[in-house]
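Residue numbers (our numbering), protein chains in the order written: chain A, 183 to 542; chain B, 2 to 506; chain C, 21 to 367.
Treat the hints loosely; a few may be bogus.
Claimed, not checked - Computed footprint of chain B on chain C; a stretch qualifies when at least three of its residues, placed anywhere within it, have a C-beta under 8 Å from a C-beta of chain B:
| hint | segment |
| --- | --- |
| 1 | 30 to 41 |
| 2 | 222 to 229 |
| 3 | 237 to 248 |
Claimed, not checked - No farther apart than 30 Å at their CA atoms in a straight line, the calculated lysine-lysine pairs in the DSBU-like style are these:
| hint | chain 1 | residue 1 | chain 2 | residue 2 |
| --- | --- | --- | --- | --- |
| 4 | B | K116 | C | K221 |
| 5 | A | K518 | B | K282 |
| 6 | A | K321 | C | K184 |
| 7 | B | K308 | A | K321 |
| 8 | B | K116 | A | K405 |
These aren't lab readings, by the way, just hints derived from the structure by calculation.
Beta carbons: idealized from backbone N, C-alpha and C, even for Gly.
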Amino acid sequence: MKSKFKKIFAGGLGQLTIPLIAIALLVIFNLIRDPSFFSITFSHNNDGNTIIEGNLISIINGASELAILAMGMTLVTAACRGQDISVGAAAAIAGSVFVKVLKAFSVINPGTVIFAFICSCIVAMLFGCFNGVLVAVFKIQPMIATLILYTCGRSIAYWINGGATPNVKSHILSGIGSFIPGIPIPTPVLIVILMAVIFMLVFRFTSLELLTQSVGINESAAKLNGINSTFIKLLSFIILGVCVCVAGMIGVCRLGLINHETLLIDVEMDTILAVAIGGNNLGGGKFKISGSIIGAYVIQMLTTTLYAMKVSSTDVKAYKAIVIVLLVVIGSPVVKREFDKVVRNMKAKKKSVSKGAAES
Amino acid sequence: MQTDPLLQMRHIVKIFPGVLALNGVDFTLRRGEIHALMGENGAGKSTLIKVLTGVYPSDGGEIKVDGQVISIKSPQDAQMHGISTVYQEITLCPNLTVAENMFIGREDSVWINRKDYEKRADEILSNLGIPARSTQELGNCSLAVQQMVAIARAVDMRCKVLILDEPTSSLDDKEVNMLFDLMRDLKSKGVGIIFVTHFLEQVYEVSDRITVLRNGELVGEYTVEELPQVELVSKMIGKELGELSSMNEPQDSEAEKKEVFYEAENLSSSDALPFDFKIRKGEVNGFTGLLGSGRSESVRAIFGADKVTGGKVKINGKNVTITKPIEAMRNGIGYLAEDRKRDGIIADLSVRENIILALQVMNGILRPISRSEAESYADEYIKMLNIKTASRETPVGSLSGGNQQKVILARWLLTHPEYLILDEPTRGIDVGTKLEIQKLVLKLAEDGVSVTFISSEIEEMLRTCSRLVVMRDRHIVGELKGSDLNQTKVMQTIAGGESKDEEQI
Amino acid sequence: MKTKKFREPLTNTQLLMTITICIFFAMYILSMIFLGGGFLRPQQIFDMLNDNASLIIVSLGLTIVMIGGGIDISVGAVTSLVVMSCVLYLNKGGSVIGSALLAIGIGLAFGIVQGLLISYLDIQPFIVTLAGMFFARGFTTILSIDPQKVAHAGFEALRGTKLKISWLGYTANNGNVVPGTIELGVFIALLCFVFVFILLKFLKLGRAFYALGGNQTSALMLGINVKRTRFLSYLICGMLSGISGFVFMMHTGAGNATNAAGMEMNAIASSIIGGTLLTGGVGDVVGTFFGTLTLTTIKKIVVASGLNDPWWQSITTGGMLCFFILLQSIVLNQRSKKKTGKSEKNK
C-alpha cells in the first residue's frame, strides 16, 4: 500500500512534483494568512450578466496569456534547447495587426473578428518562421536569434499602429476579453482550456511530441532515424507564433485597445519561468505542457498573493526573484546530487541497522 | 642507457559494475622506448590508461615509477609524477595562441609575459622540430601540429612517461611521419612513450615493444621482431572459436542465385572514399577491417547518414537516390549505428517510444501510432528479443548496454526492413546477448532480409557472414567468401603484407 | 635568431572586430558626407560618448561574461538599482566617496551571489541573472517609485566637472561659441576600458576567460580552475555594473525606476556587433567599444536623416543586429567549412 503510493508519487507525478508543491505551499500560506482569500462570490457585472468573482478566479483568469504562451514556449524549449525572448514583442505586433485589420472594417461582427484574427495569426506565424529559420537553418542560439525581434518588435507594432494607441470598442471584443453573456466564467479561461485541448488533440493525432522530444534529447540519433530536425524546430517556432497571436488578441480584447509598450510587458521572462517551474529542462528534451501551464498559475498565484499582501505591482518582481532563486537552487544539479548522497547514506545506515538488528 | 623499468604496473584490477574491465594486468615501460599498447575494443587499453592517468581509481595492483610505489588519484597527481597524456581529441583551446596553450594554467604569475612565453615556446618548438609559430592561433594549425603542440606542452612539463592515445587517427601520411620523427626524438631523450593505435603498420614503424590485451587480460609482451603482423592480429582477436563456430553452413552457391537487392557503384560521402558494393536478398555480408579502416563510413554512406557526394545506387534493379536517412528507410534500409549512446538511443524516452521511433518517422508526423498499438508493438518485441526491462515505460537510458542495443534492434525490425545494416551491434554487451543477436541475424537472412554485419570480433563475423568485404586505410582491399572464410585468411587480408599489390582496387 | 616576422592570419575575434570597425567608420564618414550637420562637429562624438558612458562600461562587463561562455541579463537592472540607491544615499546626507563605494558594493554583491549560484551550483546563467534582474528592478521601486533628483552640493560639483576644449567646439546659430564638452563619466569609462583591456590581454585570468569559453573541458585539462574563473567573470561584470550605475547618475543627476531600461539587451547587442560570440571564447573589448558606437551612430543617423517617427530607431537597430548576427553565422560557418575541407583533402 505504502510502496504503491510511493510509486505513484515518484513515477506518476514526476516533473510535476515541484510546481504542485509550490501551488500547495502557496495555498496553505494563503489559508493561514487570510482564509477569505479563496472565497468565491457570484455577482452581476455592468451588462447584467451573472459572473463569478474572487481571487482564485482572477488568478486563473490573469494567467491566461501566460499559460498560452508557456504552452508554445515549452515546444520551442524542447526542440531547440533554448528560449524565445521575443514573445512579448511579437504579441504586440500580432495585437496591432488585429486592431489594424478590425479598424479597416466599418462594422465589427464575428466574421471580421475571425478575419482579423487569421490575419494577425499569419503575421505572428511569419515572425515565428523568421526566428525559426535563424535557429534551425543558421544554427544561431535561440536567445540571440530572438534578440533581434525583442529589440525591434514593439517598435514595429508602434509603426503598424501609426504612432498611436488605437482603441476598438465592440461587445464581441469585450466578450473575448472578459465575459460572454450567459457564461459566468471569464472567456480567457475558456480560451486556455480550448488551447490546451487543441494541444492535447495535436499530440494525440500527430506524432509531434515524440519527434520533438527525440530532436531535443539526441539530435544526432534523431537525424539517423530519418527525422527532419530542421523542420521540427521550425515547426515549434510556428506553433509558438499561433500561441503568441492568441495571447496578443486576449490582451487587446481585455483593454479594448492596443498599447505597444504595455501589452504583455515582460511576459517573455515570466513565460520562460513558467516553463522552468513546470519542471521542464530549459536545456531541451522531455517536456510536459501541463507542467508549464501549472507553472504559469504558480507565477500568477504568487503575484496575486503578493498583491493581496499590499505589495505594489512594481515591487512584486523583487519577491518573485527570491522565489525563483529558491526554486532553482532546490532543483540545481549540485543540490540534487548532495541530497541524493544524504538520502543514500541514510538508507544505507537504515539497512545496516536493520541488518544488525536481524543478526543480533 | 639504463635498463631498469621507468614505469611498472603490477596486477592492475579494475571493476565496473558487473564487468571485470582489467583482470590483473601487468605493464612495463622502459626508459627511452616506444611501447605500443594493442587490443580491440573492450580489451581494456583505455581503462588501463585511465587508471594510469588517475581518471579511474584502480581496484587493485600497484604502480611504480622509477622503482617507487606511487598512488595516482587524479590527473594532476599523474602529471606531478611525470605522466602526461595526449588524447585523440585535442584538449587544448583552439581560440588561444600556440604559446598560450603551452603555458596557460602552469604559471603562478598573475601577468602573462607574452614575449617570454613566445620566446620559450619558439625554442621548444624548434628544438622538437614542430612546424608551428608560437604566435599562431591554435585553431589555425593543422590537427597534426595541434597534436604536437600538446606533446610539446607535456614535454616541457618534464614528463617521463608520455601516453599518446590514438594520436594518428586524424592525420595524413606526411603528418604521421612528422609525428613519428618527434616521437623518435623524444625517445632518444629518454622519455618512455606508450603508443595506442589501431594502425598496425604504424606500430611496426616506430615501436620497440608491443603489449597485447584482450578482454581485460594481458595476452603478452613482445618485442616487435618476435611478433609478425599476422600473429599480432591473431593475438588481438583471439583464436578460440566459440561453440557456435559451425553455425553458418556454406551456402554461397545458393545465395549466388538470389537476386541482388542493393547495388552501389562508386558511392562516396564526405567521410568515405568511393567504393562499389552489392548485396543479395537473404545474404549476410560483413565489412571487416580494424577501427578507422573506413568500414563504418562506408555503411553510413549506404544509409545516407553522411553527406553523399557521388555514386549510383540501385535497389531491386531500379535507380534510386539516397542522400538522407529517411530516403534509405523508405527504400527498406535500416541502420543500427555504431555509437549506441550518441547515435542510437534517445536516453530519456521510454522503451516503448524508442521502439516505435523509426516506424513512426516513416509513417509521417500526421499518422501517429496509437498508444495501444505502440504498447502491443513494444510488448511483442520486448518478448521476442527478450529485452530485460522493468516495464515498457522505463527510460531506455537506464537499461544495460545489451538491452539498449536490443531496443534499437527492435526499432529497426519493427520497420520490416529488406536490408538491415548492423554496425557493431555486439560491442560492449554480454556474451549471451551477443549470441542472441547473431542468431537473430541468421534468422532474418532465412526470411529473405539482406544483412550487413560489422564487428570487431572476427570469429563472430565468420559465424554469421557468407561474404566478407575487407577494408584497410579507407579502401576495400579484398572480398572473401566460401573456403576463404577462415581466421588466417581474414587476418592476412586485414594485416596486408605479402600480397599488397594485387589488392589494389 | 628570428629571421622572418610572420604576419599571422586574422583570428575569428580579429576578423569580426575588423568588420565592425570598418562598418563603423564607413557609416560615420558617409554620414559626414551625406548628412553633414552634427556629424561634422567633434561634439557629435563627444555626445555619443557622454550619453553612452555607462552603456560602454556595462558592455565591457558583459563581454567578459560572454567570452567565458555565459550571459548576464541583470546588468541594466543593477545599474538602475545603483542609481536609485546612490541618489537616496546622497540626499540623506551621504558623501560622494561613500556613494561611489556603495555603487561598487551593490555591483559586487550581485556579481558574487550570481557568480556563486552559476559556478558552484551549476544553475543556468540565464535563469540566475533573470532573477537578479527581477530583484534589482523590484528593489529599485521598493526604494522609491517616484523619480528622485540629487540635491547634494558635493555631487553637483563633481557632476559639473567637465572637460571643455574650446578649439574642438563649434559656433551655434546665435553666434556663441560652444566648446567641445566631455563629461567625467567618459573618463571613468575610459579607465574601465583600459582595465578590461589589460585584464583580457595581459593577465592570466583574462586568458583563462578565453580558454573557458573556447573549450571548457580543455580548460580543465590545461589546469585552469574553471569554477573560480567563471565566478570571477560574473564578479567583474557585477562590479562594472555598479560603476556604470554611478556614471549613469553623474550623467542624469536623478534616479528613476525606469532608468537604464533595456540596457542589458543594448549591451548584449553591442557585444555581438563588436564580434563577441554568445557561444564563448571569441570577443574583444575594442570590438565591443566600437559595437556601442555603431549602435549609437545608427540611432543618430536615423534621427539625422529625418526619420523622426519614434519607431525607426529600434527597427533599424534590430535590422542592424540581424545583419551582424547573420554575418557572424555565415563567416564562421565558411571558415570552419574551409578548415574541414582542407583536412579532407589532406587525407
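Verification of the hints:
Residue count for the segment 30 to 41 of chain C with a Cβ under 8 Å from a Cβ of chain B: 3. That meets the three needed, and the coverage hint holds. Only when three residues or more bring their CB closer than 8 Å to a CB of chain B does the claim for the segment 222 to 229 of chain C stand; here the count is 7, and the claim holds. Against chain B, the segment 237 to 248 of chain C contributes 7 residues with a C-beta closer than 8 Å to a partner C-beta. That satisfies the three-residue criterion, and the hint holds. Simply put, K116 of chain B and K221 of chain C have alpha-carbon atoms about 13 Å apart, close enough for the 30 Å limit, and the pair holds.
In summary, the hint linking K518 of chain A to K282 of chain B is not supported, as the alpha carbons are separated by about 53 Å, beyond the 30 Å threshold. A distance of roughly 49 Å separates the Cα atoms of K321 of chain A and K184 of chain C; the hinted pair therefore is violated under the 30 Å criterion. Straight-line distance between C-alpha atoms of K308 of chain B and K321 of chain A comes to about 18 Å, which keeps the hinted pair within the 30 Å bound. For the given pair, K116 of chain B sits about 48 Å from K405 of chain A by alpha-carbon distance, which is inconsistent with the 30 Å threshold.
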